[in-house]
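Undergrad: Below, each chain spelled out in residue letters.
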Amino acid sequence: MYPLFYSLLIFSLCLSSCQSKRDDKIIRIATSTDISQLDPRKARSLPSLLVTNLLFEGLMKRDKEGHVQCGLCENVSLSEDKKTYRFFLKKNALWSNREPILASDFASTIKSILGKEGSSPNAHLLFIIKNAKSYYTESSDDLGVRVLDSHTLEIELEQPVSHFLELLSLPIFFPYKAPHIYSGPFCIKKHTSDTLVLEKNSAFSSASKNYPDTIIFQVTDENSALQMFETGEVDWIGSPLSILPLDAVPSLQQEKKLSIAPASGTSIMRVNCTRPYLQSKSFRKKLSQSIERSDLTEHVLCGDYTPSSRFVPHSLYPPPQSSSECTCNDASSLSLLCPSAEIYPKMAQVLQSQLKKNLSLDVHIELAESQIFYSRLQKGDFDLALSSWFGDFTSPLTFLEVFENISNGTNSTGWENSEYKTLLAKTRKSFDTNEREAFLHNAEELLLENSPVIPLYHYVYRYVKNKKCSHITLDPFGYFVFEESNANK
Amino acid sequence: MCILLFTIATLTFTFMKTIPGDPFQDEKNIPEECLKQLRQNFGLNDPLPIQYGRYIKNLFLFRLGPSLKYPSQTVNEIIGQNFLPSFLLGIEALCIALPLAFLFALLSSFFYRRPIDYLFKIIALLGISMPSFVIATLLQYIFAYRLSLFPIARFDTLSHSILPALTLAIGPMAILLRLIRAQILEVLNQPYILVAYSKGLSEQHIIFFHILKNVSLPIIHYLGPLITRILLGSFIVEKIFAIPGLGQWFVNGVLNRDYPLIGGLTLFYSMTLLFVHTGIDLLTMFLDPRIRKSVPA
Amino acid sequence: MFRRKYIHPEIAIGFVLLLLLASFAFLFPYLSNYTYEQTALSSKNLTPSFTHIFGTDDLGRDQAVRIAHGLQVSLLIGLLAAFLDLIIGVSIGSLSGYFGGLVDSILMSITELFYSIPFLLAVLLVVTLLGPGVYSILLAMCFFGWIQMARMSRIEVMRVKNSDAILAAHAIGIHPSRIFLFHIFPLISGSLITLLMQTIPHAIFIETFLSFLGIGIQPPLASLGSLVSDGLPAMRFYPHRLFYPSMVLSITIFAFQLISDGCRDLFDQKRLKSVEESSGI
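Chains as they are written, first to last, in numbering that gives the first Met the number 0: chain A, 0 to 488; chain B, 0 to 296; chain C, 0 to 280.
The following block holds chain A by itself, in its conformation from the complex:
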């Protein structure tokens, strides 16, 4: 196995042309954990998704506002019944080993994910394709993916899905040929447990001068990362791959070194609607109203984040307006489950004192390390639970569909509503923008009215970068965007 690995590596290295490495073309980024999962079929966490996005490309890709545009395909056509998409691939797209990217590559990737040996935790995202679920569970034939010719691919869906093109920009839909063969702007040069080195892929057809020659992801802890940034050993610290030490943020803000980018994510407190006291909608709203969100963002997070009682981040999606009143019975004590990592324990303590002050409610904090936290969340073993939700694509649907069904593993609140479900189903089927907006607006109103989830604040990406990275920014989903740098103009 090792000889093969090395020969492939050397092979692909030899194929990529030499470029003179000026130091300002090497970007070093600090990360807090090792980025291990670089197979686009299996990537789940944000770091994995981010790096996979640099290594591979799919039918659609995102621009810097997060909207989709054509990636590997030149053109898309949609059938009358809105269920069948035909993609015409670019003729000059190559893999890093100089072979052309063909429609059959896409088809075989999808089949490998849905096959028995796939082992992908994301396989269910493909179930919108016709017969995908039965292919997965029973290995039946007639999957709705057809290769019409070498550069034409047809995908048929079970139901019309209006945001399907958005979904195509997610790594699960990227083509994957073999290990160490990449379709994106970068290749992996070296991968050890604490360092990941990416090198420019010369076979990438849209290779532009905007991309640095080398990107190095270095695992460090947050305090060492800050010191390394100040001595110039690292060029980028903070979101999306690591955390800025909170105590350093006020001084960084004063020195104006911080960069802020809006993020498609909200910090939430799930409410277990099956517990006594919490079944009352008005009590849940009272809980929501008695939380002083600005305290959380101003003091615990040192500013920059937006306190909000809306679930969908409104800087990215147009907000409707509403407010409400409430009368209800009070509970006397509740438990608050929260992960023991990052900022959550502090938030929990502040929330505890706020609820005590405003509602005379005794909140008992239960910290749990992450695996236990998720397991208890799934089982519904909590009264209130702190966590967050990040969207995958540019439609409020990515937030609202979390609470669509009780059986939905991410719901965990025991709340569902038939009108809500109908609204979301109509949104998926409708291809009219205004109609969709109206449905989503009503759905969000319904969600906030019932408050199975109490939003706290909207996330931003907060990071510090030096002059070398001045042309690199983040899109709302945390992916790197490489713009025209001043050096290249």
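Since the hints were derived computationally from the structure, they do not count as laboratory data. Please read all numbers here as calculations on a predicted model, not as lab measurements. Watch out, some of these pointers could steer you wrong.
When the alpha-carbon atoms are kept at most 25 Å apart in a straight line, the in silico PhoX-like pairs for lysine-lysine are as follows [said to hold, decoys possible]: (1) A/K255 with C/K160; (2) C/K43 with A/K256; (3) C/K43 with A/K345; (4) A/K60 with A/K24; (5) A/K420 with A/K129; (6) A/K110 with B/K68; (7) B/K56 with B/K68; (8) A/K132 with A/K428; (9) A/K284 with A/K356; (10) B/K35 with A/K115; (11) A/K355 with C/K43; (12) B/K212 with A/K90; (13) A/K132 with B/K35; (14) B/K68 with A/K115; (15) A/K110 with B/K35; (16) A/K378 with B/K56; (17) B/K68 with A/K129; (18) C/K43 with A/K356.
Listed next, the stretches of chain B that the computed footprint assigns to chain A, with coverage defined by at least 3 CB atoms under 8 Å from CB atoms of chain A [as the list claims (entries may be wrong)]: (19) 34-46; (20) 137-147; (21) 239-250.
The C-beta atom is built at its ideal place from N, Cα and C for all residues, glycine as well.
Got chain A sorted already, so can you dock chains B and C onto it with the hints?
TA: Coordinates of chains B and C only, in the frame set by chain A:
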């Protein structure tokens, strides 16, 4: 020894299966049928006795299997790649701690109850009283960040390893210092030292041939816990100085419920400890004629 | 044993320090206006002043009260863990040493087993299994911390078993359990006390390590360990959050080490003396 390893392996297996939490769980949704398929592929759906049998067989053959969280790497590879930095750091820490401890202890006992003695006693007590992560952070801040004498983190060159090795060495050095000093004082009171002095032997000769030899035994007894401490205390140092060693793998493995990784690493650590203890016992037997004589031929 | 004409200076200093620390830990919360969980976000990260003698932390809580509470918790954990270790370790070790033979072999293999399990790893596993909190930490530490005690007491009992006093007691016909309690234990108690004074700071340290990993005492409760690990990232910007808890922690450990040093001097002299006496010099 094999029985010990077997028992440890069984205990680890029991522990891992009893801890709540699932390796595939995270915040985003995975439907039940996908979870079942994933568990099937990793053999987690089989009944417990079968999983146990497979586990023991694999451990026996040293086939520690792919890690659950990093399926492209087997546990063997992980241990192989990451053992070296931890091991090197440990050796460096020992090389710093032992000679310094001996030196300070000698000085301290020869100047018994004089200012130098008290100075070293206080240094030793400070070394024991501060947790290693405080020492690590202070050293990093003062010597690497402020004074720029050493690099801040990572493990590329020799100078990268000095601060972490120093951090690891300070605690054990302090303990060793006190131990050796007490031993030296005890030895100094023995009649044979008086004889040696009265014979007119040089100071150096007395130190090396009479004092150190007699002092070494209890020190070697302590070496076992010392090595254990260095081996395991390295986690904090590895975290702060960004060194790719084994300590962080174990902690992350436990937190992620990565069963093969935990099983493999526990076995690995236990084997290392057993070897170290056996080695020390043999060394003691070799060095101490009294024990050698009492062991039946 | 206690009929000395003067008190050993190290033990005296150690005890005085401990007394001062304990009174700070248990009395100060009553004297202060603040509680350990009372957040006041507008007054966070304040440096020491008259109202807050050790400053405030990042949620505006008074550091002095939190350190006092933390000291309570750390002392509690240290003492309890050490005593439990003592009870378990001494029972196993002395039984092993006294009876010898098969009992010795079995108990020693069990000890060897626990000795070979990497201590911190096992503590980590146990705390993860039982969930974080004071009791699981205590349990985890006791599960694996008794080994030193067992080994020490076994060696000591074996040493003392054949001395004149014990042989005489046997000859008179005193029941073994009474011999254990009233004759053997007083003879070995010196080394045991010394070891106990070593075990307490060790236990406090383990708790500190667990807090650094995030599975120690859970907020809003505090222990010295969790206060130190919280103060660590703030070292460059708000050094008072690291300095005061570390100082109190170091003084506590220092005090215990002083006492253990003093005890060792005390009982070693006695041992040397008894060796001289019994060999007839």
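Undergrad: So, for every hint listed, does it hold in this structure?
TA: Cross-check of the supplied hints:
1. A/K255 with C/K160: violated, 74 Å
2. C/K43 with A/K256: Measuring from Cα to Cα gives roughly 23 Å; hence the hint holds.
3. C/K43 with A/K345: holds, 13 Å
4. A/K60 with A/K24: Given pair A/K60, A/K24 holds - Cα atoms ~24 Å apart, limit 25 Å.
5. A/K420 with A/K129: holds, 22 Å
6. A/K110 with B/K68: Given that 25 Å is the threshold and the Cα spacing comes to 23 Å, the pair holds.
7. B/K56 with B/K68: holds, 22 Å
8. A/K132 with A/K428: holds, 20 Å
9. A/K284 with A/K356: holds, 17 Å
10. B/K35 with A/K115: holds, 11 Å
11. A/K355 with C/K43: holds, 19 Å
12. B/K212 with A/K90: violated, 79 Å
13. A/K132 with B/K35: holds, 14 Å
14. B/K68 with A/K115: Holds. B/K68 to A/K115 sits at ~19 Å (cutoff 25 Å).
15. A/K110 with B/K35: holds, 19 Å
16. A/K378 with B/K56: This hinted pair is violated, its Cα atoms lying about 34 Å apart.
17. B/K68 with A/K129: Violated. B/K68 to A/K129 sits at ~31 Å, over the 25 Å cutoff.
18. C/K43 with A/K356: holds, 18 Å
19. 34-46: holds (count 4)
20. 137-147: With 5 residues close enough to chain A, the hint holds.
21. 239-250: Satisfied; 6 residues make the cut.
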